[in-house]
Each structure stands twice: as structure tokens, then as C-alpha cells.
Amino acid sequence: MTLSSLSAVFGEPMAWRYFAWLLEGFAVTVVLSAATCASASLLGAVLCSLKASKHRVLALPVRTMISALRNTPLLVQLFFWYFGISAFLPSAVMQWLNTPHTLDLHIVSLSFPGFEAIAAFFALTLYAGSYIAEELQAGINQVDKRQEETARALGFNRFQCFRLIILPQAIIFAWMPITGQYLNTIKNTSLAMAIGVAELSYASRQVETETFLTFQAFGVATVLYIVAVCLTEAAASRLHSKRMMRTSLPATAGSGT
Amino acid sequence: MNAAIILNNLDYVLIGAWPNGPVGGLTLTVILSVLSAISSAVIGIMLGIALSLSRGWPRKGLRIVLGFFRAIPVLMLIFWTYFLLPILAGFRPPEIATVVAALSLIGGAYLAGTVSAGIDGMAQGQWQAGYALGLRRQQILRLIILPQALRAMVPSFVNQWATLIKDTSLAYIVGVPELSFLAAQVNNRAMVYPTEIFLFVGALYWGLCVGTDRLARLLARTGQGEPVS
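So the protein sequences, as listed, match chains A and B. Reminder that position 101 of the first sequence reads as 101 in the numbering used here, one-by-one numbering, no gaps. Reminder that position 154 of the second sequence reads as 1154 in the numbering used here, one-by-one numbering, no gaps.
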């Protein structure tokens, strides 16, 4: 294929500044994904421990919340928090959130994210957190029940036992499914464009309307998503195999003999 | 809380502008879900069989293609089908078709992995027994392997369908008037009751997803009692 026939299909190569738009969008996607994964992991652990609580007052609301978060579309949740929260927050807070704030550190200036980014982060965290809680629960079920009895006999209270003995093993068992949730989170950040977060999908749509170079705009964005997903997956499975080597846990969870 | 905003727009949210216009709202969400569920199941079963029966480079190639569909966001694939389908078809297909195409490709890619794992998980002896009875490979697959493998896969299919129901909301992005789109529209018109509107719409989706799950479990339980015919 000659160069001219290539450009007949794909159009003239995209100008550098449009490529820069896509990279900026990608940076937002990466930061939003990383922040969401970190906070969703914490939330997942908290929800999971609350759900396991003997107190029904704690366990029941958490169960209901997880069911609601898992069985409704993320898009609707994003709208709910974006439009819904702003109706409840005091107007002074909304005004502060809607005006840009920058922290000037002389060399770089950090700008405080806009309200749509905060709402997206909040919604994504709740969504991913509820899935991670369920994956952790599955991991916990794989840990031998007698370990808990042993730990209690040694004087650990229920919380210590959960945090120090059950959870670390459950994380190893549930690590691959949790990785799957991290990958989903990267892909799910694309929905944040619906409430106006300028992430990668948003940027690709913007470049497309500006230049009509549809193939290139969507092509670059698609490649960037694949790169992000593949790198994350590779890093997670590397971490997993290292961890498996350090601990001497059986590859398949045992109920012990 | 203000129930009037829901009651005043109830018909619109449930069936859209129909009968004076196109079907929309919850009804369209259900239509989109059913169409994508069927076509993703067909794609998933076919590609899963292909994956299990192929060897060497065709298998590798198929794995890469499936991996591609699993690595990109549904939204991105909707952009692609929205842009590519008119070029491939030669005319502008309805937006609904672009959404169903994207959802069935992604759903099919996930299901293919499940189906293939299910087929590979069947004991090798079943194949050998089939050959010993004089059956051909295709017959063994159709008569012996698939009925057992598919029955074991019912939970995975149901999970995928629940995901599909939720993903139909992404049709919003290309302007298909399904439930989420109409909810956003009603919200933009009223502007003062976002909490009520999205809680109500969320509850509708919740009912659909949980209902599908319960129904499938029920069917699976009664199905398991039947003798293999």
C-alpha cells in the first residue's frame, strides 16, 4: 500500500496539537483510574468487613447498598451523584467547587479538580468498591475457617483476626478477580465523559468533531486504552506471582486436611 | 421528595413517545437487552467452539481478537460501530443497530472465553466414548459435549446478561432514546428533581437485573431436574 492510498483511508496525519489533546485526555484517564482503584480497594475492604459483621444493623444496609450499586448502570449512578449531590450540597460549597482553584508551586501549578471530576471519582469508587467487596468476600470464603478459631483462641479479637489473618490471605486468593475490577475501572472511566470529564474518550470525540479524522482519533484512543489495560494486567500478574513465591500458600485454597 | 415529577413523566419513561413516536424508555431498554443477549450468546457459543477446536496460529489469532474486545471500553466500541457500520453496510443503519452490534461483540467476546473453558473442562473420555460409538466430531460436540457444558455455564451467561442490561444505558451516548437517555432528558427539562428521577430509574434497572438473575436461577433449578434427552 502506498502512502497516498493510506491517507485516502485514514486522512492526512493528525496535527500534533490534536495528538496532545488525546495525551492530555489519557493523563486524566490514568490519574482518575489510579485514584479510583486505590480508594475502591480501601472501600471494598471496609464494606466486606462490615458485611461480615455479626451486627445486622451494620450488615444489612451494606448488603442493600452493594446490591443497589452492582445492579444499576454506572451511567445512571454518575448522573445521580453529579446532578443529585449538587442539589443537596450547600450553595457555598457548590460555588467553591465550581470555581477553579490552583495551587501554585512555582515550578508546577496543581489545579484542584472540577466538580464533575470529583463526582466521577466518587461514583466510580462506590461502583468499583462494591465489586471489590464481593471479590474479597469470595476470597475470604476460601480461607480455612479454623484459622479464625485458632486466632480467636490465641486472644485476637474479631477485628484483629480479620485484618491480620483472614484479609491478607483473602487478598491473595482474590487478587486476579480484583485485578479484573481494576481493568474494568480503567474502561469505566470512559463513562465520565457523559458528565463532562475531559478524559480519553471525551478527547477522542472532541478531536473527531474538530478534524473529521475519525479513524485516527478513535484509533489512537483505542490503542492507548489497550496499552493501559495490558500494562496494568501485566504488572498485577507479576505482583501476584512474586507474592505467591514469598508466601507458601497453596495455589488452590485448601480447607486443609 | 416529589413524586409528581415521576408520575407526570411515567408513560414517557416507560415507553417513550409511543404510539405517537418511536418506542423508547424502559421498553426500548428491554428490547436492546434481549437483542444483544441473543446475539452475544450466538457469537459467544460459536467463537467459544472455534477457540476450543482450533489449534496453532488460528487459535492465537482468535485469542488476540477476543482479548482486543475485552480490553477496550464499551463506549469506545460504540463509537467504532457508529462510525464503521455505515461504511460497511453502505447505508446508515439505525442507531439501535450500532449499539446492539457493539454490545453483542463485547458480550460475545467474554462468553467465548467461558464457553471454551467449559468445553475444555469436559473429560477427554467423553470424546473418546463418542468416537467409539462411531459418532463424528461435530456430532459429539452437538449431542454430548455442548448440552453438558452449556448447562454448567448458565450462571456465567446470566451474569453477562445482567452486565448487558446495564451496558444498554451507554446507548445514551449516540442518542438512542432508551431509559437513561429519557431520564437525562426529563432531568434537563425539570432540573430541580434529579435525585427523584435517577433514584426511580435506578430502581427500574435494579428490578430488571435482579429479576433476570432470579428468573434464570429458577429456570436453571427446574432445568436440572429434567433427564438428559
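The hints are simulated quantities; they were obtained by calculation from the structure and are not laboratory data. Careful, some of the hints might be misleading.
Stretch by stretch, here's where chain B covers chain A in the computed footprint (C-beta under 8 Å, at least three residues) [claimed, not checked]:
1. 112-121
2. 152-166
3. 215-222
4. 225-233
A short, non-exhaustive set of chain B residues, derived as facing chain A with CB atoms under 7 Å [said to hold, decoys possible]:
5. 1071
6. 1075
7. 1169
8. 1194
9. 1210
To give an idea of the chain A side of the interface with chain B (calculated C-beta under 10 Å), a few residues [to be verified]:
10. 201
11. 204
12. 205
All C-beta atoms, glycine included, are put in the ideal place defined by N, C-alpha and C.
Going through the hints against the structure:
1. 112-121: violated (count 0)
2. 152-166: Result for this restraint: violated, n = 0.
3. 215-222: holds (count 3)
4. 225-233: Since three or more residues must qualify, the claim that chain B covers the segment 225-233 of chain A holds, with 4 doing so at under 8 Å.
5. 1071: 4 Å, holds
6. 1075: 4 Å, holds
7. 1169: Residue 1169 of chain B check passes; min Cβ-Cβ to chain A is 4 Å, inside 7 Å.
8. 1194: 3 Å, holds
9. 1210: 6 Å, holds
10. 201: 5 Å, holds
11. 204: 7 Å, holds
12. 205: With a minimum Cβ separation of about 7 Å from chain B (threshold 10 Å), the hint on residue 205 of chain A holds.
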